[in-house]
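Now for the letters of each chain:
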Amino acid sequence: MGRLAVLLCLMVLLQLGSLLNVSADTIEHVSNIGLTTTNWVSSVTVPKFDPALGELKSITFVLKAHVESAVKFESLDAAPATVTTTVSGSITLQRPDMSNILTVLPFSQQVENVSTFDGTIDFGGTSGRTYPQVSADNSGSITSPPPVSDLALFTGSGEITLPVVATAVAAVSGPGNVIQQINTSASAEIKVIYEYATSGLFQAYAITGGSANVVDGGYAGPSPSVSQAVPGVLSIDPGGEKWPNFVTAARVGVDYYIKNVVLRKTIGEVGQCYDVFSEIPGYPAFNQQGTNKIRLRWPLMYEPPGTTWTLTITSGTQNAVQLPGESKPEYLHQDVWEWRVEASFESMKNLIKMVRQLPYGLCEVPLISNRLLYEQLLAQIDKVQAAVAANDLNLAAEELIEFELLVLDNCESICPPNAAGTYVGIVNTLENPVCCKLIADAEYVAKRAGIFHDGR
Amino acid sequence: MKKVYLLLGVMWLIAAMCSAVTAAEQSFSDSIALTSTNWNSTLNLQKFDPSLGTLESVFFSLTGYVTGTAQFESLDNTPATVEMELKALITVSRPDMTQLIAVLPTVKTSDNVSAFDGIPDFGGTSGKTYPNINHPDFSNSAGDSLLILPPSADLDLFTGVGNLVLPVSAIGQSQGLSAGNIAYQFSTSARADATVRYVYTPNQEVIPEASSLILAMSGLGGIMGFARLRRR
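In the order they appear, the protein sequences are chains A and B. The working numbering applies: residue 1 is where the first sequence begins, and numbers increase by one. The working numbering applies: residue 1001 is where the second sequence begins, and numbers increase by one.
One thing to keep in mind: the hints can contain errors.
Computed cross-link-like contacts, DSSO-like style, restricted to lysine-lysine with a CA-CA straight-line distance of at most 30 Å [what the hints assert, rightly or not]:
| hint | chain 1 | residue 1 | chain 2 | residue 2 |
| --- | --- | --- | --- | --- |
| 1 | A | 293 | A | 265 |
| 2 | A | 72 | B | 1047 |
| 3 | A | 383 | A | 293 |
| 4 | A | 72 | B | 1128 |
| 5 | A | 259 | A | 242 |
| 6 | A | 64 | A | 265 |
The set of hints was computed from the structure by calculation and includes no laboratory data.
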């Protein structure tokens, strides 16, 4: 178990190590559909954005379309003629519900002057032409949102399949006596770029590695790990007394001294259970000031989403120095770092899985005591996700309200279960505000996904 | 009262004399038979003989017809709509090759066909052949006319002895619109009919018409009435 604890701790710290970079990051997935005779309907499958990586900010779709035509004609006319061949392609990337994301229109035109019929129908000579490969390329891109529902649609585990539709129109004009043939094919390259903020923290993280903590199945043998998630922890490593890990001057090798260090925590906007989450009742924000007075570890299990920590380090240099990111040489410099707690459907599920394995103090019952209720909670989140993926936000709102009612109907603050053992539910005390946490997360995620808003 | 009778009589006489000068007309026609485009030919139309009188105006009309064979085979792997169009630009020119008049008869087709049926025969479920499209009723015609009045130099062009030879040409054009995989074959023929009508004032003595005689008699009656009143 000691090794397991070390492993879990390392995993969380590794997660946070990448979170210290507050700039946005991107992940790019490229898919191709080969040259195929039009018209065709195909699809590309790309991995969804893994919410464990941070908060998905936007999705950029890039569509490169290529249309290739084989064109041949023979003028049979008794006079010289002009033969014009135009091919217009239309390649559309769609969502799974067939709504259009992006359309590009490659276009090619061939204008040829030929002589009177040379007597041979060979698509050549002086009165005919053969072009085995007339190419037209076009590309376009679009960034979503809007619609905001795309963020939820493209977030989660697994993959998403996007239909791609290619059509082509051929227009020909020429003399009154002519033979023409056109064959058209199209290919497409689809790039999906997820831009996400890596500063997001989550209250719980899924365990992706192996574990020795198993379910004993009796004669059936051991089952997979009972531990499926671990608490998130904001762990700040200054790197030394002068906070070199967070000071730009240290990064570029300039001598400096610390003038001040301030960590400000601001509680996220919480609708219900506000008093539970306010660390100092009535004060949504507070500061810790002084190098030695900054708390370096913040367990996130019960932090409401939207809570931020802002670390401001003021340092000085003996001479005026222009550090990276500064507009002119200065004696005083400031580094600002920010972390923010996020919530998503996946993090909510991780949280539920985590509290299912944590005890209610010495009562030794899990914080969600009942297996059936535990499964209902997970299934209800799945229903909300499915409705969002189908872009049915009204249904998503209904399912989310069902989730909140399921939580509220099962909140319990009595430990242990009474003598008859009938108390089952979700613990909701000041020490373990699981109900409040789930409600706060649900409302936060709903607003981010566009499920709840002023008009709904 | 006397002056009124006199005035009416004089006016009626003048009117009767004027109506007796009636314009005359002559018409001549020529045609170019149905011929595969593109073709160049000539129309032979008799000129207006100036000995007949004074040419007042020329009315020139041209009617063009287009027909032919249009066929296609959709090679697409999905059902498609295929549109075809045949037209012929028929132009009549003056002897100096400047354009006198032009018409553009057009015929169009539109068909919904299945995905390629596997046989490039311009038939089946994915192809179609229109032989002699809409011929022979020539519903695909276009006509235009031209009225030439003084002081146009064209009046002189159409005046003289013998025939006026006017170049005429027909340029066939074809168009197709479909999905991206298609084969077409077009052949086009065109015909032209031209008519010229001369309106002129004949060079001959005035022969009053019946209506003019009645007017003249009325005028004389008016004058006689005036004379009778004067005798009283």
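To see whether the hints hold, each was checked on the structure:
| no. | hint | in the structure |
| --- | --- | --- |
| 1 | A/293 x A/265 | holds, 14 Å |
| 2 | A/72 x B/1047 | violated, 49 Å |
| 3 | A/383 x A/293 | violated, 45 Å |
| 4 | A/72 x B/1128 | holds, 20 Å |
| 5 | A/259 x A/242 | holds, 10 Å |
| 6 | A/64 x A/265 | violated, 46 Å |
Hints 2, 3, 6 from the earlier list are contradicted by this structure; the remaining hints agree with it.
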